[in-house]
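Engineer: If you read the protein sequences in the order shown, they are chains A and B.
Position one of the first sequence corresponds to residue 1 (the numbering used here), numbered consecutively onward.
Position one of the second sequence corresponds to residue 1 (the numbering used here), numbered consecutively onward.
No wet-lab data here; the hints were simulated from the structure.
Since we're looking at a predicted model, the values are computed, not measured.
C-beta: ideal position from N, C-alpha, C; glycine also.
The reader is advised that the hints may include incorrect statements.
[As the list claims (entries may be wrong)] Derived pair list, reagent style DMTMM-like, types lysine to aspartate or glutamate, alpha-carbon separation capped at 25 Å:
#, chain 1, residue 1, chain 2, residue 2
1, A, Lys170, B, Asp117
2, B, Lys55, A, Glu106
3, A, Lys228, A, Glu44
4, A, Lys129, B, Asp78
5, A, Lys129, B, Glu107
6, A, Lys170, B, Asp40
[As the list claims (entries may be wrong)] Some chain A residues close to chain B (C-beta under 7 Å, calculated; not the full set):
#, residue
7, Asn74
8, Asp82
9, Ser83
10, Leu86
11, Ser87
12, Ala94
13, Thr95
14, Gly96
15, Leu98
16, Asn120
17, Gly124
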Amino acid sequence: MKPLKFTVSCIALTMTCLLGAAAMPADLREGGAELTSTGDFGTEYLDRMVFLGESTTTHLRARGGLRPDQVWANASGTMKLDSATLSRPIQDAATGNLITITEAAESRRPEYLVLSFGLNGITGFIQNKDSYLNNYRTLIERIQSVSPSTRIIVQSVYPVAQASCQTDWKFSVPPETINAYAETLNGWLREFCPTLPAVRFVDTASVLQNEEGFLRPDFTTDGIHLTKSAYDEILLYLRTHGWTE
Amino acid sequence: MKHKISAAAILLAAMLLPMGACRKPTQYTDALTAAELAADARAALDQTEFFPAEKGYLNDYFPIPEELTDYEIDLAADGNNLSEFGIWHTGNGVESISVLLRGYLEESFDRNRSFYDSYIPQETPKLRDAEVRVYGNYVAYAILNDTDRKTFFQTIENNLLAQ
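Use the sequences and the hints to build the structure in full.
Structural biologist: This is the structure in structure tokens:
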């Protein structure tokens, strides 16, 4: 595709994403199946959570102050949500053995499982909403089939920092476009979560953004990955947007 | 005279040469299951620990026909390793499965290349150079390094010829 045509296409897609997000019904933005502001549920609430997601989730082990067994990850420390996700083994923090996500859910039966997928593969997801949401649905339904009492918390897709903060940019479109894509995915997730039982959406990405919607420069090491202070804010947001029935 | 003999010899050779190409097609057994072949492949590729993939593993690429039950896909257990192979045992569907698998490999490379390059760039060539081969009623694909790919296909073929 010629550069000018590609640029126009990106701009058009970005505008469509922004207008689509603004048109969302108010109740889905402000409530519904979204975890809204509560009092501080404290660290005891966080202690009952397990996290599964991309590299920005895996880094909770080193920078979030969580126990190793609270963060499920494979040896690479990153994942992409697709039809292979349930097949690829993760490492059991307790034994070091390789197990599937299904096996981990069945043996650990976490009270809360906090999921975060969307940035890895985002340029593909934005073109195939059904595939993204179907893979999320398959993952959630599998977990709940082996651990029916687990409550699933789906995090919003995290933003990326502006171009001047990027040290190793790998996406084919600029940061502002990625952030527009993330906003679109977050709109999809807001509509998606109420369709499943015991699933809630939480907008943790909101505490990471500056006024222009970029990841705050002081929250990132390389424009994408997060600092300890960013994780402090994410975990505080989870504590203060607790799951109430 | 010498030239006539030489010409006759050449003519005879030219007539006989195509007949050498009309060999009997290689006879592969139909008696082994995909699981049996996969077990031997894993044993041959013993430097890597493999995990069997779930049924929906390829759903992002193509739905596996319901009647096709004799297949196995194995992936490297290590999240930093892209090694993967698959074996299908099918009667009439060999060609269509091999087309679908070639499509899967191409599309997977296109879709996932930048993601894999971002953290395991040394592994991406396995997907770039992935291969599909047909052995009678069996189709096998390999996302492996050059040495392992050779070992894998040799193991499959040896097993299917040996029966």
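Engineer: Determine for every hint whether it applies to the structure shown.
Structural biologist: Here is what the structure says about each hint:
1. A/Lys170 / B/Asp117: holds, 9 Å
2. B/Lys55 / A/Glu106: Distance of about 19 Å is within 25 Å: holds.
3. A/Lys228 / A/Glu44: holds, 20 Å
4. A/Lys129 / B/Asp78: violated, 29 Å
5. A/Lys129 / B/Glu107: Judged against 25 Å, a Cα distance of about 18 Å means the pair holds.
6. A/Lys170 / B/Asp40: violated, 39 Å
7. Asn74: holds, 3 Å
8. Asp82: holds, 5 Å
9. Ser83: Hint on serine 83 of chain A: holds, closest Cβ of chain B at ~4 Å, below 7 Å.
10. Leu86: Holds, because the Cβ-Cβ distance from leucine 86 of chain A to chain B comes to roughly 5 Å (cut-off 7 Å).
11. Ser87: holds, 4 Å
12. Ala94: It is violated, given that the least Cβ distance between alanine 94 of chain A and chain B is near 17 Å, above 7 Å.
13. Thr95: Violated - the Cβ of threonine 95 of chain A stays beyond 7 Å from chain B, reaching only about 14 Å at its closest.
14. Gly96: violated, 12 Å
15. Leu98: holds, 5 Å
16. Asn120: holds, 6 Å
17. Gly124: Given a least distance of 6 Å, the restraint on glycine 124 of chain A holds.
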